[in-house]
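2 protein chains.
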Amino acid sequence: MKRIAIDMDEVIADVIPKFIKLYNRDYGVPLDLVIEPGNEIYKHVPEHLNQKWFEYINEPGFFRDLAVIADSQRVIKALQEKYDVYIVSAAMEFRNSLTDKYDWLAEHFPFIDWQHIIFCGNKIIEADILIDDRIKNFTTFKGRPLLYTSPHNLLITDYERVSSWQEIEEKLL
Amino acid sequence: MKRIAIDMDEVIADVIPKFIKLYNRDYGVPLDLVIEPGNEIYKHVPEHLNQKWFEYINEPGFFRDLAVIADSQRVIKALQEKYDVYIVSAAMEFRNSLTDKYDWLAEHFPFIDWQHIIFCGNKIIEADILIDDRIKNFTTFKGRPLLYTSPHNLLITDYERVSSWQEIEEKLL
Numbered sequence: 001m002k003r004i005a006i007d008m009d010e011v012i013a014d015v016i017p018k019f020i021k022l023y024n025r026d027y028g029v030p031l032d033l034v035i036e037p038g039n040e041i042y043k044h045v046p047e048h049l050n051q052k053w054f055e056y057i058n059e060p061g062f063f064r065d066l067a068v069i070a071d072s073q074r075v076i077k078a079l080q081e082k083y084d085v086y087i088v089s090a091a092m093e094f095r096n097s098l099t100d101k102y103d104w105l106a107e108h109f110p111f112i113d114w115q116h117i118i119f120c121g122n123k124i125i126e127a128d129i130l131i132d133d134r135i136k137n138f139t140t141f142k143g144r145p146l147l148y149t150s151p152h153n154l155l156i157t158d159y160e161r162v163s164s165w166q167e168i169e170e171k172l173l
Numbered sequence: 001m002k003r004i005a006i007d008m009d010e011v012i013a014d015v016i017p018k019f020i021k022l023y024n025r026d027y028g029v030p031l032d033l034v035i036e037p038g039n040e041i042y043k044h045v046p047e048h049l050n051q052k053w054f055e056y057i058n059e060p061g062f063f064r065d066l067a068v069i070a071d072s073q074r075v076i077k078a079l080q081e082k083y084d085v086y087i088v089s090a091a092m093e094f095r096n097s098l099t100d101k102y103d104w105l106a107e108h109f110p111f112i113d114w115q116h117i118i119f120c121g122n123k124i125i126e127a128d129i130l131i132d133d134r135i136k137n138f139t140t141f142k143g144r145p146l147l148y149t150s151p152h153n154l155l156i157t158d159y160e161r162v163s164s165w166q167e168i169e170e171k172l173l
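Quick note, the sequences are listed as chains A and B, same order. Take the first sequence: its position 160, counting from 1, is numbered 160 in the UniProt record's numbering, and each next residue is one higher. Take the second sequence: its position 57, counting from 1, is numbered 57 in the UniProt record's numbering, and each next residue is one higher.
Errors might be hidden in some of the hints.
Under the rule of at most 25 Å between Cα atoms (straight-line distance), these lysine to any residue pairs were calculated in the SDA-like manner [stated by the list, open to error]:
id, chain 1, residue 1, chain 2, residue 2
1, A, 142, B, 104
2, B, 2, A, 145
3, A, 136, B, 122
4, A, 82, B, 2
5, B, 136, A, 36
6, A, 142, B, 37
7, A, 2, B, 142
8, A, 18, A, 34
Partner residues are not named here, just some residues of chain A that face chain B (Cβ under 7 Å, in silico) [to be verified]:
id, residue
9, 73
10, 114
11, 119
12, 120
Source of the hints: derived by calculation from the structure; they are not laboratory data. We put the beta carbon where it would ideally sit given N, CA and C, even for glycine.
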């Protein structure tokens with residue numbers, strides 16, 4: 001059985017609307033803010049606020065109420081029939097994210113058991129396919145990388161790209 | 001640079017004395033209890049208490065004040081000069097262990113950055129050497145396994161064994 005590793009943020013968990021919501025609450029950044037291709041959210045706020053995202057992301061609870069990316073639950077459940085599916089998140093960067101991410105997965109992906117969850121820094125994992133929005137996670141990866149589309153990676157052309165879970169379903173199932 | 005993955009419990013963090021201390025506090029189990037070769041702690045307590053360890057290990061704080069296994073800090077620091085060193089713990093089994101283990105590492109191993117810490121279930125990692133006390137973690141491992149001695153694994157003869165961090169130092173440095 002082939003092994004698939006799946007990232008969390010911006011792949012199954014929708015982080016950007018949460019940032020926008022907090023920047024909106026505190027500084028009136030518009031809720032319909034569109035992030036330009038190749039940009040990160042902090043490039044779209046006044047310069048003196050561009051480190052604020054780091055405070056937000058470190059707050060307990062930040063990762064607990066993120067929306068689930070459309071179709072990810074259904075498609076991952078289907079993938080489990082044919083693949084050995086792992087969730088692999090670089091959660092270790094943010095101490096307070098660990099329990100939030102654990103609880104979020106238990107709520108939204110209860111069909112993924114603890115043996116198949118990995119919180120790490122560098123993704124030094126053995127897998128056949130890695131679905132991730134950050135190309136830095138592909139540098140040491142020996143399998144087939146699938147770049148999940150997010151505004152910040154829209155200008156990157158070096159990788160096989162997937163832009164929705166429907167597309168993943170078509171490719172892998 | 002070769003990569004070494006190092007387990008936490010019973011390799012760098014001394015779990016057994018903590019269990020004995022709690023069984024002693026609650027049921028008068030002797031503090032000098034010696035675990036027989038091949039046995040787990042729960043085989044040494046009255047049968048109606050043998051699931052108690054599972055309650056203890058799930059309590060917030062259980063993993064936060066464990067003693068550091070002798071010489072592990074010094075030897076791991078030295079290993080970092082020659083190897084790419086990762087901590088890889090199957091922490092995902094116990095939700096409340098995540099933050100405790102993160103804080104414990106920050107206190108006792110501040111020289112290991114977040115990129116080099118992995119909390120997982122199955123250890124599907126790419127590494128050259130894995131130091132672990134549980135042989136189940138060796139089943140899918142493709143590198144060189146080093147079995148770190150713990151009472152429960154004393155009867156196992158199939159693996160290269162290390163019984164102290166001094167021995168690891170002699171073997172790998």
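These are the hints, each one checked on the structure:
{"no.": "1", "hint": "A:142 x B:104", "result": "violated (32 Å)"}
{"no.": "2", "hint": "B:2 x A:145", "result": "holds (23 Å)"}
{"no.": "3", "hint": "A:136 x B:122", "result": "holds (23 Å)"}
{"no.": "4", "hint": "A:82 x B:2", "result": "violated (33 Å)"}
{"no.": "5", "hint": "B:136 x A:36", "result": "violated (47 Å)"}
{"no.": "6", "hint": "A:142 x B:37", "result": "violated (40 Å)"}
{"no.": "7", "hint": "A:2 x B:142", "result": "holds (16 Å)"}
{"no.": "8", "hint": "A:18 x A:34", "result": "holds (13 Å)"}
{"no.": "9", "hint": "73", "result": "violated (20 Å)"}
{"no.": "10", "hint": "114", "result": "holds (4 Å)"}
{"no.": "11", "hint": "119", "result": "holds (5 Å)"}
{"no.": "12", "hint": "120", "result": "holds (4 Å)"}
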